[in-house]
Every structure is written in structure tokens, then in C-alpha cells.
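Student: One letter stands for each residue in the lines below.
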Amino acid sequence: GAVVSQHPSRVICKSGTSVKIECRSLDFQATTMFWYRQFPKQSLMLMATSNEGSKATYEQGVEKDKFLINHASLTLSTLTVTSAHPEDSSFYICSGQLGEKLFFGSGTQLSVL
Amino acid sequence: AQSVTQLDSQVPVFEEAPVELRCNYSSSVSVYLFWYVQYPNQGLQLLLKYLSGSTLVKGINGFEAEFNKSQTSFHLRKPSVHISDTAEYFCAVRTGGGNKLTFGTGTQLKVEL
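Taken in order, these protein sequences are the chains called A and B.
Quick note: to get my numbering, add 570 to the position in the first sequence (first position is 1).
Quick note: to get my numbering, add 1 to the position in the second sequence (first position is 1).
Careful: at least some of the hints might be erroneous.
Have a look at the derived ranges for each label pair, beta carbon to beta carbon [what the hints assert, rightly or not]:
id: 1; chain 1: B; residue 1: Q3; chain 2: A; residue 2: S681; range: 28 to 38 Å
id: 2; chain 1: A; residue 1: I582; chain 2: B; residue 2: S71; range: 29 to 39 Å
id: 3; chain 1: A; residue 1: K634; chain 2: B; residue 2: S53; range: 30 to 40 Å
Just so you know, the hints here were simulated from the structure itself, not pulled from any lab data.
Keep in mind that this is a model prediction, so the values were computed, not measured.
Even for Gly, the Cβ is constructed at its ideal location relative to N, Cα and C.
Turn these sequences into a full structure, and let the hints steer you where they fit.
Tutor: Okay, structure coming up:
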């Protein structure tokens, strides 16, 4: 089946720094990628939808200037958490769409000290 | 807006015993329903889905789920579990077009010898 590779799997950073998370579709072209966030004991919450070559669509309550999404190619989308703070510590997951199917990355655990 | 409730955060079960993971949803419109599984250090994988037709849906690894519209439920079942079924299971709902999913909080299935 199709594979989505997400890196890094775990990152620890200092408060105020920026962190970039990469999501690559390895054997298919994903015109649409989705970014989710999961806090402990809570649901995966959709943050934004990104379409290749256009601006991402953010869900209500998600700061677009803080969570920068770039989808410059059909196989790569990146999420940059800018000026990270401890409350941004969470599990971030991406998924790529192929037809009507979604393929998920393995997630990134972000810890902000 | 739709929502998904997974009442059980953890379900311990002995190997070869049957298991049921509960999922209830709320939506004012017709829904599509999904179960995903996440093994340790891996991305979410689709177990099964209900789009239309027969309310009993069979998925991979011997799992099945039944869509019950009157009870707004989509419980996941397996008649005999294996150690390798130990994982996190997520129920999700989608309405209308697109691939925007609403997830439940997940159920950790732990199969013991």
C-alpha cells in the first residue's frame, strides 16, 4: 500500500524556537495533505488541510501564523511550529490523500521545554 | 457538527477471547464511518469502513463492525483476538464530500496471554 513518511518521530526543543516536521508521500502523489494534532487522552484534531501549490486551509482556532504549512510539491508537505511554547507540546500526525483513501504518517511527538 | 465517542480508553482481554470496542457518533446528516488501528511507532491504518449498503462490514485481520443507525453506533468486534492485535484503535466519522475526519479519543486494546 501507499506509504507516508513523517520525520522526525520525536523532537525536543526549547521554548521560543521553531520546529519543522516533514511529511512525504513515498510512492504516490498526494494532492491534499492533512495535519492533525493529538493531546494526551484526546482525539486527533484536524489542524489544517493543504493542497499542493496553494495556501493551507486552517480549522477554527488554529493560528496560521504559528503553524506554517508548506505544500510545495505533490510528495512533500511541511509543518513548522514557530516560536514554540510548552502548550504546543503534542503529537502531530499528517496524512496524504490518494483518491478517496487516506494514508497516515507515524506521527511526531513534540516536547517544548 | 459531528462527534465521536469511544467510551473505553483501555480494554484488556486474554488471547483467543472475543472483544468489542465501542463507538458512538452524533451527526445530523448521513455519515461514513471508519475504524483505524495504530500499532506502536506506526501510522494509522484503515481497518474497515462503512459507506453504504450492508450494515455489517468486514475488515482486515478478522475484524468486523456493524453500523446501527438507530443506536448511532459502529462497534468493532473480533471473535478471537491475538497478541498481535495489541494496538490503539480509533473510530472516525466523515460527512459529505472531502476527507475531513472527526476522530474519537481512541481505545487501547491490550491482549494478554
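Student: Please check whether K634 of chain A and S53 of chain B have a Cβ separation lying inside 30 to 40 Å.
Tutor: Between K634 of chain A and S53 of chain B, where Cβ atoms are some 36 Å apart, the hint holds.
Student: So the hint says 28 to 38 Å: do the beta-carbon atoms of Q3 of chain B and S681 of chain A match that?
Tutor: The hinted range 28 to 38 Å holds for Q3 of chain B and S681 of chain A, with Cβ atoms some 31 Å apart.
Student: The hint says 29 to 39 Å between I582 of chain A and S71 of chain B; measuring C-beta to C-beta, is that right?
Tutor: 48 Å, violated
Against the hints set out earlier in the document, a violation occurs for number 2 only.
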